[in-house]
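Residue numbers (full-length UniProt numbering), protein chains in the order written: chain Y, 1 to 270; chain S, 1 to 199; chain R, 1 to 361.
No lab work stands behind these hints, which were simulated from the structure alone. Take every hint as true, because none was put in to throw you off.
Residues of chain Y placed beyond 12 angstroms of chain R at every Cβ, according to the derived structure:
#1 LEU3
#2 ILE4
#3 LYS14
#4 THR15
#5 GLU134
#6 GLY175
#7 MET192
#8 TYR246
With a straight-line Cα cutoff of 25 angstroms, these simulated DSS-like cross-link-like pairs (lysine-lysine) come out:
#9 S/LYS158 / Y/LYS158
#10 R/LYS203 / Y/LYS254
#11 R/LYS64 / R/LYS107
Partial list, derived from the structure: chain Y residues whose beta carbon lies under 8 angstroms from chain S:
#12 TYR17
#13 LEU18
#14 SER19
#15 PRO20
#16 LEU49
#17 ALA52
#18 VAL56
#19 VAL59
#20 ARG60
#21 ALA67
#22 VAL68
#23 LEU69
#24 ALA70
#25 ASP72
Cβ coordinates follow ideal geometry from the N, Cα and C atoms, glycine included.
One-letter residues, chain by chain:
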Amino acid sequence: MQLITQGAEAHLYKTTYLSPSTPAALKIRPTKPYRHPILDRRLTRARVLQEARCLVRLVREGVNVPAVLAVDWDINNTNNNHSGAGGDVGEGVRGNGAWILMEWIEGCVVRVVIQRWERYIKSRSAAVKLQDNEIEEEEKKVKGLLRRVGAAVGALHKAGVVHGDLTTSNLILRGAEEPAAEGDGEGVSPDMQGEVVLIDFGLASQSIQDEDRAVDLYVLERAFGSTHPRTEPLFGEVLEGYRASYRGSGSVLKRLEDVRMRGRKRSMIG
Amino acid sequence: MSAPLLETIHLSHLPPSMPVHVALYRDVQNAPYLRQQLMSANAEFEYAFIDASTVISRTHLLSAVFRAVNDYMNGRLKSRNVHSEMVFSLSPATNIAESFRKFGITDSTKDLLVVKLSVTPEITHDSVAAHLGQNVEGTPVPFDDETLSKISDIAKIKKAYKLGALNTTPPNQANGTQDNGMRRLELSVLGAIALRGAT
Amino acid sequence: MISIGLESSANKLGVGIMVHPDDGKPPQVLANVRHTYVTPPGEGFLPKDTARHHRAWVVKLVKKALREAQVSPKDVDCICFTKGPGMGAPLQSAAIAARMLSLLWGKELVGVNHCVGHIEMGRLITGAQNPVVLYVSGGNTQVIAYSSQRYRIFGETLDIAVGNCLDRFARTLRISNDPAPGYNIEQLAKKGRKLVDLPYTVKGMDISMSGILAAIDGLAVQYGLDGDWNDDEDVANNASTSDDLENAKPTRADLCFSLQETVYSMLVEITERAMAHVGSKDVLIVGGVGCNERLQEMMGIMARDRGGTIHATDERFCIDNGIMIAQAGLLAYKSGSTTALKDSTCTQRFRTDDVFVKWRD
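In isolation and in its complexed conformation, chain Y is listed as follows (with noise of 0.2 angstroms):
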């Protein structure tokens, strides 16, 4: 097994489901012994299902998101002495924890799609005056990239859920390639195609609450100008996507304005 990434939470693995060819993505949450064990596995437990039960619902409604494979919210639970009589809050109550295994997604993170096309624009646009229809193609692709991770919003709030974690690294561009190593493929303006799938559902929660669904626009909102500056002026361009993927959307969109008005903190009491 790989490890891809190491969270707070959770660890993700890359591995296989049933045959070696058969890639998957296991994603471990590992207990934490700093939580009375009861808690801890109460906790765990909730989590994993809640996550994987909204990737199956989204899976039944036709959203682009990673199958749910297989799921086990108590890990190793051999000791079954519930006799409750002498049995002292220890260690014996504690779970190994609880795992998640999803279809894997090959392609890459819209992140870095997105990246490798401003540092191409910025490359390219040193070494040469750029044409007034080459850089109108350009950002009609990249544009075109946006409306669809708008869609994809779309299409996950129309089916009830939320995902609690919006940004550019929780959307996979499926098929586009991966730079193998750093500066790979610099001076080509990276590939577009292909579906916007969502991933990591691990704050995701099932909602069809406007505010709900404002507040998880407006952090991948936050999260858009912050990771990517220099495409930020086109961040419309996802909200245009949003708009025409269901119906509902206009009052979702209204609302962000209101959360996009207040903030997120508010100002505190002492």
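We have chain Y; now place chains S and R onto it with these hints.
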């Protein structure tokens, strides 16, 4: 009786000492007999006997097998043994008897999937092949997606997994070819299997 | 340079004196005196009465601090006071005293953000260079990390502060406020064994506490544990004795234990998330709740598992005090910031990230 086309599979993440043996038969003649052996808990017949019309694909069956074996290794079986658990693991619901009615062998079963796990070293490809060869009256066919696609009863499967609303054949829509529809059905079924019993 | 700091944002009145030696040697605490307004069990502190307490004590404490530090007013370079956040009336009592001293001694004023005071004090005492900071007190709950001259808030409570939640539950159980309700909850919790189910509300890096308080208050009422203690029920013996924990009726100790376990898990979780986010391995806990040994223990396990270290201080420094204000104020003063008399107001609301941290790179 003919020699089975018994396939022996090593599933990822399961111990190499525990391969799974799978055989697919069409036109089975002695389903009532096989079912009877199961009912009388004849130890010689500890198999998962599955009505193959309820299975979409290899991945579908093997996912249920994987779940059953994982639960077995973690001491969490809900049914009698790991083989009955495989039948139960096909089900999205927690009612064991119902899972056997829906996915298990019935007296009228014609297309049959047989699964056996090497729970002990004595259970080998050859021992399973020999036993099945003597006892299953049917035509062995390859356990592959092409064969299964001729057998599976999509309407029945959708009903069993409560996926009736899922559109598997939207013609000529973007992102909605028949293949895509079937893939979605399969993935939805895998999700249902994985989440069974989650509260 | 020498600064004197006056802190009065809640029920503690603190006066501290700090020196930053001219020869570049490490800063030193010359005096750290404090007087706490303690209310009877079951009662919180009201702004008006707290302010009266502070006004009555401030002159005594300033004199005591000068005596302990063995400095005279002419040695002092600046007078630092808490500008906010905090309770209005108590804040004003020290601000007025600071203005008076400023005019009396002819020294500059420096208004200090209370939260920044905690952070700078914590950094000084523990030597932590650039940690993720968990600031937990009666009025505040924030996860903070430094980035380009601001202490940025990554996560915070969406409703009430952790300390406030503990204090209010102490009132429900009629636990003594002396020396502090949180301290007494901690001692009682040590005898708890049964974990009761409480809401656990983490949203990204933010948390919510009001649902937990409502739930545990409800349990206290349900088991008849609110209100006065019975004669046969003293603190020493208030522990679960049953072997069958699952079915045992929870005791006061169990409720305190469960509240701490749940709330501190939430705090450690959001702190860990912030550490993963900014790529920091070290954590500093400041604020009154930061003295809690169980919180420190849990945070320590988390930090250790991440290959980092926890930095915490004892009650002299993590509970509100004057030297934290003197320290943060002196840092600001040395970087050229002072507060004109006309601007020396206080404010109940004052965000940590509103302060431009001129003294760090």
